[in-house]
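Student: In case you want the letters, here they are:
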Amino acid sequence: MSDAKTEGQANPAAGAVPEEECKDCSRREFFARLGMGSLVVAGVGTGLFSYEFFSPNVLFEASPIIRAGKPDQFAANTVTLDPQSGIYLINGPKGFYALGAVCTHLGCLTAWKPELDLIACPCHGSRFNRDGVKVAGPAPQPLPWLKVWLSDDGYLMVDRSSPLKAQEFVKV
Amino acid sequence: MATTLKAEFDRLRNTSVWRTIFRSGSGSSNLHRSQAVQQNIFLHLFSVKVRSRALEFKPTWYLGALTLSTFFILVATGILLMFYYHPSVPQAYADMKDLQFVVASGVFLRNLHRWSAHAMVFLVFAHMFKVFYRGAYRPPRQFNWVIGVFLLLVTLLLSYTGYLLPWDQLAFWAVTVGSNIAKAVPLVGQKIRFLMLGGNEVNANALLRFYVLHCVILPLAAVLLVGVHFWRIRKDGGLYVPEKKNP
Chain V
4 MSDAKTEGQA NPAAGAVPEE ECKDCSRREF FARLGMGSLV VAGVGTGLFS YEFFSPNVLF
64 EASPIIRAGK PDQFAANTVT LDPQSGIYLI NGPKGFYALG AVCTHLGCLT AWKPELDLIA
124 CPCHGSRFNR DGVKVAGPAP QPLPWLKVWL SDDGYLMVDR SSPLKAQEFV KV
Chain R
14 MATTLKAEFD RLRNTSVWRT IFRSGSGSSN LHRSQAVQQN IFLHLFSVKV RSRALEFKPT
74 WYLGALTLST FFILVATGIL LMFYYHPSVP QAYADMKDLQ FVVASGVFLR NLHRWSAHAM
134 VFLVFAHMFK VFYRGAYRPP RQFNWVIGVF LLLVTLLLSY TGYLLPWDQL AFWAVTVGSN
194 IAKAVPLVGQ KIRFLMLGGN EVNANALLRF YVLHCVILPL AAVLLVGVHF WRIRKDGGLY
254 VPEKKNP
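Protein chains in written order, with the working numbering: chain V, 4 to 175; chain R, 14 to 260.
These are computed hints drawn from the structure, not numbers from a lab. It is possible that part of the hints are untrue.
[What the hints assert, rightly or not] Not the full set, but computed from the structure, chain R residues with beta-carbon under 8 Å of chain V:
| # | residue |
| --- | --- |
| 1 | 189 |
| 2 | 194 |
| 3 | 212 |
| 4 | 213 |
| 5 | 214 |
| 6 | 216 |
| 7 | 218 |
Don't be surprised by glycine CBs; every beta carbon is placed ideally from N, CA and C.
Full structure from sequences and hints, please.
Tutor: Rendered as structure tokens:
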């Protein structure tokens, strides 16, 4: 009720000014809006520019495709960690396959524990078997299976960028 | 002797050079003394008069002032460390080792910086608990509490960004884990991590980004917020001092 009263009192006073004293009000309002509008455009532009600026266009990071080695370097039934590239190359009964060695929890590099027959993460205690399946710890996903193939010159190649959906083995 | 010194100091305070710097000049009237505070850029944030009880140990345990002191130590030692540190891979690690074993007083400065950083985080929390349990966050000081929360965040970010700079195993894996926590943000997590690290892995770009944040952007943010924090103390009626129960 009191709100309605104040509005009723304020409105005629506010309405009276533009008609009598303010002949260029619409022009002023136009320029005010133009100014505010251009500030908004500049602000959005600055945001986009900053986002683009802070996203590097060229990265000097290692290639996702790595040459793991010759097949005869990996003895039968062994799990070999390459800490530089962060992959395991496993020579299993069905053939060669590769797992990502970076823990799916928070990105630490895991290690192969032959005495436990497990892959273990030092950071928060996640454990995986040699198929990458989690057996303990907080990791939300299994270790990813990576594409492995034999190059023309006889090296085992691994692509770290595209995890496989199903298990694949390379027979040599 | 004392009177001579005092007279000499009064004469100095009335010279034209002194008066151009400190406009208030000599005199011990309330006006002069309040002007001495108002007209000094470093002091004008504070009120010209405070309750004497606000200066006692009990209301604050001086936790805010101690936090500021650690911040000053961190700025001073941090600037000195910057003279011997290159934020590049793998030079950063070697520079950190040089600071420990080669640079004169390097190990002292590095350890002072490290321990002050730990102390500052501890003191910020202690300060917040003290303010909280005394109820000093209540109106009219509620906005200063909000500024304080932002200062807490800046302090933690300074700690986190500084953690990467030694470029040792601890730093590398801590930031790997930390940036993967940021990745867990729904929808934009991957982008946040990419912008944070300047790439997909913790590498030279990440080190440089953390260095700039640690040495320029976050300290400037801290100084700005500390300025507002101190100014608000005056605007909100001085430090919170409860009424005496039995006068």
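Student: Per the CB criterion, is residue 216 of chain R less than 8 Å away from chain V?
Tutor: Check passed: Cβ of residue 216 of chain R comes within 7 Å of chain V, closer than 8 Å.
Student: For the hint on residue 214 of chain R, just tell me whether its beta-carbon gets within less than 8 Å of chain V.
Tutor: holds (6 Å)
Student: Against chain V, with CB atoms and a cut of 8 Å, does the hint on residue 218 of chain R hold up?
Tutor: holds (6 Å)
Student: Should the interface hint for residue 189 of chain R be scored as holding, given a Cβ-Cβ cut-off of 8 Å against chain V?
Tutor: holds (5 Å)
Student: Interface hint check: residue 213 of chain R, Cβ to nearest Cβ on chain V, cutoff 8 Å. Holds or violated?
Tutor: Hint on residue 213 of chain R: holds, closest Cβ of chain V at ~6 Å, below 8 Å.
Student: Would you settle whether the hint for residue 194 of chain R is holds or violated, based on the nearest Cβ-Cβ distance to chain V being less than 8 Å?
Tutor: Check passed: Cβ of residue 194 of chain R comes within 7 Å of chain V, closer than 8 Å.
Student: Classify the hint on residue 212 of chain R as holds or violated, based on whether any CB of chain V lies nearer than 8 Å to its CB.
Tutor: holds (5 Å)
Hint check: no violations occur; every hint is consistent with the structure.
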